[in-house]
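Asks: Go ahead and model the full structure; you've got the sequences and the hints to work with.
There are 2 protein chains.
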Amino acid sequence: MAPSFTQLHPELAELLPGELHAFCTTGIHQRGERLFATGSKPVNMFFIRSGEVILERIGAHGGSAVLQRSRHGFVGEASLQSARYHCDGKVIATSEITQIPIAQVRTAMDADPVFASRWITMLNREVKRLRLQCERLSLCRVQDRLMHLLETEGKSGKYPLGSGLKSLASELGVTHEALYRCVSMMERDRTLMRDSGHLQLVHR
Amino acid sequence: MAPSFTQLHPELAELLPGELHAFCTTGIHQRGERLFATGSKPVNMFFIRSGEVILERIGAHGGSAVLQRSRHGFVGEASLQSARYHCDGKVIATSEITQIPIAQVRTAMDADPVFASRWITMLNREVKRLRLQCERLSLCRVQDRLMHLLETEGKSGKYPLGSGLKSLASELGVTHEALYRCVSMMERDRTLMRDSGHLQLVHR
DNA sequence: CGTACTTTTGAATCGCATCAAATCTGGTGG
DNA sequence: CCACCAGATTTGATGCGATTCAAAAGTACG
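From first to last, the protein sequence lines are chains C and P.
Under the working numbering, the residue at position 105 of the first sequence is numbered 105, and the numbers go up by one with no gaps.
Under the working numbering, the residue at position 109 of the second sequence is numbered 109, and the numbers go up by one with no gaps.
Any given hint could turn out to be false.
Since the list gives no way to pick one copy over another, a pair counts as held whenever it fits inside one copy or between any two copies.
To be verified - Straight-line C-alpha distance at most 30 Å; calculated DSSO-like pairs for lysine-lysine: (1) K41 <-> K158; (2) K41 <-> K155; (3) K128 <-> K158.
Quick caveat, the hints were computed from the structure, so don't treat them as lab data.
Computed from a predicted model, the values in this text were never measured in an experiment.
Replies: Structure (structure tokens):
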């Protein structure tokens with residue numbers, strides 16, 4: 001990871017007050033890298049410009065669950081006021097990621113009400129997205145979950161795949177075999193189209 | 001619903017700055033009442049002192065999904081900056097609920113950085129709870145979901161039931177039959193104890 | 001060209017949804 | 001007080017769909 005002084009992503013630049021920009025460092029992270037580990041003390045928060053990162057929790061029985069899969073936006077933003085991380089942050093595709101020191105963010109937020117308000121807006125969005133994800137996971141069949149995803153997260157049914165269907169499967173909480181079968185069945189039904197890196201829902 | 005001027009719940013009184021207290025009204029709501037409906041404009045947010053409320057989304061195909069089941073704390077807090085509700089708020093057990101006008105909250109938050117900071121703390125907690133719920137719903141078997149709930153939400157494995165197992169079932173995203181069977185099986189296994197209104201996980 | 005990973009297909013099994021029906025419960029009105 | 005009703009609880013039978021295990025083929029990358 002080589003920190004550089006690239007221009008901040010517009011979305012991030014707009015959210016963060018100017019005096020924080022200098023504290024941000026942007027770098028390339030490779031697949032397999034861990035941004036943070038369960039139990040460690042949060043120092044930075046992360047903003048994904050491109051690539052793919054998952055939040056993963058390792059259960060007592062060894063099994064792992066993906067809490068979130070993110071290809072753009074904040075990761076670990078809830079660590080703002082946490083003493084410890086409650087999950088792992090893992091890079092699963094080469095990613096361009098901006099690090100922002102938490103302490104500075106906290107200071108700036110206490111001083112700048114407008115910044116705090118924007119931050120609350122972002123958290124509200126996140127809460128809604130998570131509620132939708134819960135709704136999705138409460139669906140029984142794989143096809144229902146996939147269609148729910150395409151309808152709620154996609155743009156008019158079009159949804160960009162990150163690093164393949166396998167990672168999507170874990171986000172949907174199903175095995176990759178089940179998702180592969182579901183996709184190919186929907187393609188045969190002409191309910192779904194798959195072109196390079198995209199899923200497109202076909203309304204009929 | 002008869003608004004009264006009861007003392008605010010301590011948790012709420014601590015969160016809200018003093019000048020907002022006067023705008024809060026607390027009342028009793030009966031089962032079946034709707035606090036708000038999908039598509040309507042948010043005017044109040046709600047704090048549950050006791051009882052039980054669910055956030056429910058009605059799907060296009062008519063099926064319903066419970067986004068959240070709450071017996072204490074805020075409901076509809078993400079509506080702070082929303083133009084419309086994206087789900088229904090339904091009372092499913094006689095509840096004591098405090099209403100707080102959103103406009104006043106917004107005003108107070110812009111003026112009071114400490115209040116904004118406390119609000120962010122609350123939202124961060126909510127985000128974490130939702131991530132745990134997603135993790136839970138990504139588990140395959142009913143028993144795994146139930147144990148996950150008892151381990152993460154309960155106090156040393158003890159978890160209070162609200163209005164029965166049926167409502168718990170919908171929170172876990174399974175049919176009530178499956179949950180009933182799972183509970184009675186775990187009781188036979190001596191993995192779980194059920195006394196009046198409580199589930200207690202037995203570690204062995 | 002070999003290695004690691006994804007994608008794909010197959011077969012067997014298991015757990016849950018579904019449909020059905022009986023019992024139990026608390027609360028309401030006669 | 002009792003009959004009655006709505007909803008919760010419980011048990012049973014059946015079928016579907018996903019998991020699981022296995023294996024082969026495709027693909028990216030050093």
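Asks: Is it within, between, both, or neither for K41 and K158, if the alpha carbons may be no more than 30 Å apart?
Replies: The answer is between: 29 Å across copies meets 30 Å, while 38 Å in one copy does not.
Asks: At most 30 Å between alpha carbons: which applies to K128 and K158, within, between, both or neither?
Replies: both (20 Å within a copy, 29 Å between copies)
Asks: Is the C-alpha distance from K41 to K155 at most 30 Å within one copy, between copies, in both cases, or in neither?
Replies: between (37 Å within a copy, 24 Å between copies)
Comparing the model with each earlier hint shows no violations; every hint is respected.
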